Structures are given as C-alpha cells and as structure tokens.
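Just so you know, the protein sequences line up as chains A and B, in that order. Remember, our numbering sits 39 above the position in the first sequence when you count from 1. Remember, our numbering sits 39 above the position in the second sequence when you count from 1.
The set of hints was computed from the structure by calculation and includes no laboratory data. No experiment lies behind these values; they were computed from the predicted model shown. Please note that the accuracy of each hint is not assured.
Identical copies go unnamed one by one, so any copy, or any two together, can satisfy a pair.
In the EDC-like style, the derived pairs of lysine to aspartate or glutamate whose C-alpha atoms are separated by at most 16 Å in a straight line are [said to hold, decoys possible]:
1) 221 with 75
2) 169 with 159
3) 108 with 69
4) 221 with 78
5) 224 with 78
6) 174 with 159
7) 89 with 47
8) 89 with 75
There are 2 protein chains.
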Amino acid sequence: MKRLTIPEVVVARLPLYTQKLNQLLREGRESVSSQEMADHLGITSAQFRKDISFFGGFGKQGTGYNVIKLLESLRSVLNLDRIWEVALVGVGRLGQALMSYHGFSSTGFEIVMAFDNDPEIIGKSIAGIKVLDVKEMQKQICHREIPIAILTVPAASAQEIADQMIACGVKAIMNYTPTTLKVPKGIRLANIDPVLSLQTITFYL
Amino acid sequence: MKRLTIPEVVVARLPLYTQKLNQLLREGRESVSSQEMADHLGITSAQFRKDISFFGGFGKQGTGYNVIKLLESLRSVLNLDRIWEVALVGVGRLGQALMSYHGFSSTGFEIVMAFDNDPEIIGKSIAGIKVLDVKEMQKQICHREIPIAILTVPAASAQEIADQMIACGVKAIMNYTPTTLKVPKGIRLANIDPVLSLQTITFYL
Numbered sequence: 040m041k042r043l044t045i046p047e048v049v050v051a052r053l054p055l056y057t058q059k060l061n062q063l064l065r066e067g068r069e070s071v072s073s074q075e076m077a078d079h080l081g082i083t084s085a086q087f088r089k090d091i092s093f094f095g096g097f098g099k100q101g102t103g104y105n106v107i108k109l110l111e112s113l114r115s116v117l118n119l120d121r122i123w124e125v126a127l128v129g130v131g132r133l134g135q136a137l138m139s140y141h142g143f144s145s146t147g148f149e150i151v152m153a154f155d156n157d158p159e160i161i162g163k164s165i166a167g168i169k170v171l172d173v174k175e176m177q178k179q180i181c182h183r184e185i186p187i188a189i190l191t192v193p194a195a196s197a198q199e200i201a202d203q204m205i206a207c208g209v210k211a212i213m214n215y216t217p218t219t220l221k222v223p224k225g226i227r228l229a230n231i232d233p234v235l236s237l238q239t240i241t242f243y244l
Numbered sequence: 040m041k042r043l044t045i046p047e048v049v050v051a052r053l054p055l056y057t058q059k060l061n062q063l064l065r066e067g068r069e070s071v072s073s074q075e076m077a078d079h080l081g082i083t084s085a086q087f088r089k090d091i092s093f094f095g096g097f098g099k100q101g102t103g104y105n106v107i108k109l110l111e112s113l114r115s116v117l118n119l120d121r122i123w124e125v126a127l128v129g130v131g132r133l134g135q136a137l138m139s140y141h142g143f144s145s146t147g148f149e150i151v152m153a154f155d156n157d158p159e160i161i162g163k164s165i166a167g168i169k170v171l172d173v174k175e176m177q178k179q180i181c182h183r184e185i186p187i188a189i190l191t192v193p194a195a196s197a198q199e200i201a202d203q204m205i206a207c208g209v210k211a212i213m214n215y216t217p218t219t220l221k222v223p224k225g226i227r228l229a230n231i232d233p234v235l236s237l238q239t240i241t242f243y244l
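Generate the whole structure from the sequences, applying the supplied hints.
Quick look at the structure:
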C-alpha cells in the first residue's frame, strides 16, 4: 500500500469508520453491512466499499463485515495499535481542557508532558501532569522522542514554538492557534480553528 | 449562485482565503496573485481561480486581485458581513475556554448565552456571560432566535440537547462531543473532535 497515493479525503473518513465500529462493538454487534457503515457518514455504500478497498479485501458481500476484524484492520492501517506520546505547549484554558480530556487516553493518545512560560502555571500539576518551563521543551521532547505535539499557545508565538518542536523531531502538530503555520515537507499539520468551522457553516445559513 | 451545488471542499477553503486576505490587509498589501493565494493552502493557482470563479469574476490576471475587494466579496459569500449570535451549552473546561476565546467576536461571532446543569456553575459569570440553567435553554434560544449553537456537554447528553436546540430553531451546531449526532436535513453540523484529527495524522507517521 502506497500511503501517500491514497486520497486525503479517504484517510479522513477512516477514523469515522473506526468510531462507528467501536460503537457497534459496545452494542455487542458481530457484523455490519456496507450500507450501515456508509449511512454513518452520509455517503453511498459504494463509496464505503471503494474507501476500504484501498487497504485490501475485508469481509464479504452478503454476509457483511466482521466488526472486530474490520476494526482491527482499520486500527492497524491508521497506526492506532500502539500508544502515541503527545506533548502539549500552552497551558491556558484550552490547554488545560485538553489535558483533562479523557477521550485521548481511551483512544491511544497520551499527553505525557506540558509546557508553559507563565511562572504562575509552571510547576502546577494538571490532570496528573506537572507543567514544565517552555525553556525545557526542546531538551525534553528530543530526549523522549515525542512524535506529536499540541499547540495551544497565543498566535504570536505559534510559529517560533512550532519551529522549535520540529527541530526536536516532532513529526505532527495539532495547531489550535488561528495561525497558518509554515512547516517543512513531511511534517503533518492538523489545524483546529473553530472560527474556520463557523465560517464554513454560515455559508449555508 | 446555487449554494448547494458548490462542492463542500470549495466552501471549506473560502475561510482560509479570507484568513490569508486579512493577513495581507494587516500587512498593508493592496493586491495579491492567485499563486500567492494558492500557496497559502498548498493548492495550484488554477484551483484557486476555479474556486472563486463559482462566485463570479474577481480581479484580473496580470495585475492580481485587489485585496480589499476580494475580501469583501468572500465575506459576503460566506455571510460574514453581519454578527452571528451563538449559544453555548455545557460550561465545563472546554466550554469556558471557548467562552473566553477572543477569536470569535473579532470574526463576527458572539456567544451571547451559555447553559449548564451544574448548580455550582449556574449563575456564575464567565467572560461577561452569566451561565443559565439548561432548563431555560429552549425558552431563551427560541425567544432570541439563536441560529448557531456550540455543544460542549458530556457525550451521553449530546443527542438530547441537540434535539432540543433544533426544536427551538437552531440551524447549525458545532459539536465538540465525541458523538455522531443525528440531525434533520438542512441542519448544518460541524464536528470538532481532536481524536479524529489525531487518528488521521497517525496514518502518515
């Protein structure tokens, strides 16, 4: 499988499929049809079958897909069959909300370190993680080879902090700042800006 | 312009164009090339020109686009030439972070009311907004004809609260819960789930 040849829109749908499969698993379901999987995302069953055909043959038409097998395969495709260590930089209100969010650890992501530059916050423990001085960031991230970082700093510092993270080997950044970061090729960037989502919504209102 | 015939991927790019144009405006720039606009999103200049051609002719090739005119046109297309009132339900850590976020008001979105069911939080004032009892939600949202709601409640209550909002005339929901909401046709839903973003990232790592 050549990962980079798979359309990003297909990749973006895979976590939604695993979300649905996890839900079916909790409900004790053993099999699921492509139609039911497709309905979850509001796409056609043909599109669902095409999506997963990128990753080999799963299940059979007629009897449906085995929920556990399909879930395991998709988790493997998404590299979710392991724990990912995450560093968070910027322990303001949003940073603290994310540190306290149980949804990460239950899905294989663990915020293992957090940094800030505010003397009032440095040294405090939030959700069991002691906040370190951002001056320590590069040393700590390099040392522990952290692959993923969450950026919840003020917009003005975002690019500088991102550059420092990438210099220490961070491969992916979740950018919560309203900034368009410049990153080298090969670094994955996920921008989470609620304003952009709202602005897309209002187009339709 | 038939709004619903414009591909959603194109609509999703428009706020990124306005983001770039706002930045150029702050820098005092008067014109911009399609190439520079395209580079901001990592797409081709032909794609940029095709995107904005859905909304009529802007600017000229050769001299580039007038920054202010293009920005005003896109803001009008996105219905951003007005203030949108927003209600927030679920005043936990994330809800409080969003209530304190200045990025909304500076871009035409105003959280004007907030609701929770926790007696410890009801009555408190956060970022200048008094938190009301969620039992008041339907009456207040109906009365003020709020079009947009932000949902930051626990996953277990998400669908019930969403149903109540929609019954009071809410037309768009920003869903911060890790739940796939079922909403009637015509209701816009933006799902903001950091775990889904992380899971898309790890595919490439």
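Tested hints:
In this homomeric assembly, residue 221 and residue 75 come within 16 Å of each other (Cα to Cα) only across copies, at 14 Å, whereas the closest approach inside a single copy is 40 Å. For the homomeric pair residue 169 and residue 159, the shortest alpha-carbon distance inside one copy (13 Å) is at most 16 Å, but the shortest distance between copies (27 Å) is not. For the homomeric pair residue 108 and residue 69, the shortest alpha-carbon distance inside one copy (10 Å) is at most 16 Å, but the shortest distance between copies (56 Å) is not. In this assembly of identical chains, residue 221 and residue 78 lie within 16 Å of each other by CA distance solely across copies; the values are 11 Å between and 37 Å within a copy.
In the homo-oligomer, the alpha carbons of residue 224 and residue 78 lie at most 16 Å apart only across protomers (13 Å), although the nearest pairing inside one protomer, at 35 Å, exceeds that limit. In this assembly of identical chains, residue 174 and residue 159 lie within 16 Å of each other by CA distance solely inside one copy; the values are 15 Å within and 37 Å between copies. Proximity of residue 89 and residue 47 under a CA criterion of 16 Å is satisfied intra-copy only: 14 Å inside one chain copy versus 20 Å between copies. In the homo-oligomer, the alpha carbons of residue 89 and residue 75 lie at most 16 Å apart inside one protomer (15 Å), although the nearest pairing across protomers, at 35 Å, exceeds that limit.
In summary, the structure agrees with every hint in the numbered list given earlier.
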